[in-house]
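Participant: Each chain, written out:
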Amino acid sequence: MRAVLLIAGNDLRQRLRDKSLLIMAILVPLGLTLVLNLVFGGLENEEIAAFAVADQDNGPVATQFTGRVLGALEREGVVDVRRVRTPEEGRALTEEGAVAASISIPPGFSQAVQAGRPAVIRIVGHVDRPVGVQVARSVVEAFAAELRYVQIAVATAGGPPERVAGEAAQAPAPVRFAEAEAARRQLDIGANMAAGMAVFFLFFTVQFGVTSILDERRDGTLARLVAAPIPRSAILAGKLLSSVVVGTASMAVLLVASGLILGVTWGDPLGVAALVLAGVLAATGVMGVVATFARNAEQAGGQQSVVAVLLGLLGGVFLPVAQLGAALSVVSLATPHRWFLRGLSELADGGGPGRVAVPVLALLAFALVTGAIAMARVGRMLRP
Amino acid sequence: MRALAIAGLGLRRLFRERINIFFVIILPIAMILIFGVSFGGFEPKLGLTGGQDGPLARRLAAETLRTQGVVIERAAGERALREAVERGEITAGLVIPAGYDAAVREGREVVVRYISRDDPAARQIGAAVRAAITQETYVLRAARFAVSRGGGDFDRGLAAARNAARALPGIRIESATAGTRLFPETVTSFNVAAGSQLLLFMFLTSLTGAAALIETRRLGLSRRMYATPASASAILLGEGLGRVGVALAQGLVIMLGSALLFGVGWGDPLGAAALLVCFSLVGGGAAMLMGAVFRTEQQAVSLGLLLGLGLAALGGSMLPLELFPEGLRVVARLTPHGWANEGFAALTRHGADIAGIVPQLGALTAFAVVLFAVGAWRLRVALTRG
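Chains as they are written, first to last, in the UniProt record's numbering: chain E, 1 to 384; chain H, 1 to 386.
Please keep in mind that the hints were generated in silico from the structure rather than gathered at the bench. Backbone N, C-alpha and C define an ideal beta-carbon position, used for all residues, glycine too.
Label pairs and their in silico Cβ distance ranges:
hint, chain 1, residue 1, chain 2, residue 2, range
1, E, Arg82, H, Val370, 47 to 53 Å
2, E, Ala249, H, Glu17, 30 to 36 Å
3, E, Arg75, H, Gln68, 23 to 29 Å
4, E, Met1, H, Glu322, 56 to 62 Å
5, E, Arg17, H, Glu185, 53 to 59 Å
6, E, Leu43, H, Ala62, 31 to 37 Å
7, E, Thr221, H, Thr296, 19 to 25 Å
8, H, Asp353, E, Glu96, 26 to 32 Å
9, E, Gly259, H, Arg108, 50 to 56 Å
10, E, Asp219, H, Val370, 38 to 44 Å
11, H, Leu256, E, Gly41, 31 to 37 Å
12, E, Leu260, H, Gln52, 47 to 53 Å
Which chain E residues face chain H? A few, computed with CB under 8 Å, are given here:
hint, residue
13, Ser20
14, Ala168
15, Glu181
Full structure from sequences and hints, please.
Facilitator: Take a look at the structure:
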């Protein structure tokens, strides 16, 4: 045990003297988080779509639509409604992108509907706002459907039309649309960037651990280490420990710093701590295994970078893999990055540490499997 | 001649390390592929469960499926649906309950649940879905109304309601579109991705490639070059050309590769070539400056990553400039990426030729001149001092 601590301590002293570790572990991820947050942060503020409405009819049916139907949408915060005088005015607003769609009701609309003659409502939608335009169209269609319902009821049921229409309007709709609110187990954009960068650069931060065995071989100190009366597993353990210490410290600094700068709260501290530790172990294990395949430190560095970049890319550090469809989402579960980010997301709505059990276990599984492989292969490396 | 030999050395050293091929060629092309394929993935998604166990339920599901601008995904059940909504994998979820047909026919109220986190996008889709339900069920409502007034059984009522619906003139909806698309319709997501990733990786390679310059100094190569009859200017020119050559070679491979593999069009060849050359010069100049200023290779690589990715993000290589807010567009013009992205956008999205991108080429040339001048000056100092 003493030997493990000595080796780790010696490595740590060497690393801390080297400024470039500090740059790679703290400065680069923090700097990139700030820049990415600046660029992507604006995307989060989704605006409520707006409609322009030109009612040139002002009859009872048209007023029902502009007042009751659109009024309800406005109250529910679905759309903002801007009333304009002419269809041209509405079209101009659509053209310049101030509204998603403009709806116009031509003169004589109400009369036509009441007399059972064909009537028209016109919609001009902006080309780049498919959802907003769809809302406009379907709201108008639903309004038309309601009118048709009453007309059909009158046509099929005998009796005085006015009374039937009144009764029909009272009859319950067959389907009730019930809204249920879901919790938010997802990091917002800024937090996601910060966590993504932290875990991405973590892999570079911990890569020196096992690789330093290769350094020692180059410098000729490995032979002395192997000749010392300590088990070989202690050498590997010492190397891994120094990586884990540096990795944990850098993650702590990054999460605290980005939390303070971006105003992110990371959720339950115990859960976050468990995730960080499991994530650091997984990263150290993965980078360690890669190092055991290399002949020298330069080669190890190159291969580790490739693995770190690929895992980060697939794990959703640079793009939201979870939102990009099933295939990529499933593949991403084969990366520690995805589990780490998912774990933090689980804590986003204030849940307790129990929420991260699965992500932490997944990360520990990565650590265990890769650690075991590294242990099995390290014998070859320690042959001086 | 001597300068060219030194330049050639730079290229050879880059590609002798096999691993560099991954970062210089394979990764950029893979990124273009990923972004090209996944761009459509950013449309809002609606999850749907149920609606398969009867003709009426199927009709309702089909009506919701017609919601435009939204991708509809089938989900395994309400639990999976809710979880996907909570994780933001889908914008909202719709649950059509089992036994929908029977309930409607028997006149019991059916509750269709819409699960969402309360945000503007989900509210819009909710309004569209609710409207779609009204559209699909108004005939059913009429049929039930007829039944409630003693009009026989549900099927007869439904048939009568459908017949009546056909005879009614109703309200016709005329729709048209207005406005100009941010991205012309002919532009593929591969096109947008290719231009931006090209610039990101060319510049990144240039900056991290500055490590090679530092290595040249550390290994004493530059001192040995200086000891030959080669003049300091020839060495500087050679090192500079080497960096530019690396950027040019990488850029050409990515441009041709993405054109062949993904059918990416680069617009006016003359304009594209001019942009490529100018941007390579900017990258080469930046590499010389970095190579002169930093002392260790690790520093150059770390800060090269920060500057390379940071400037790319600010210059529209991670998010298209079209989606930038006003203020950030001004910032984008402080980066070479911003100008080059504008240039490629003009060539590939708006049909400009080389004459149309003169301002962009000018700005890039200015960047290149300043970086080369300062870089050559600092590198000369660094080289001659050993």
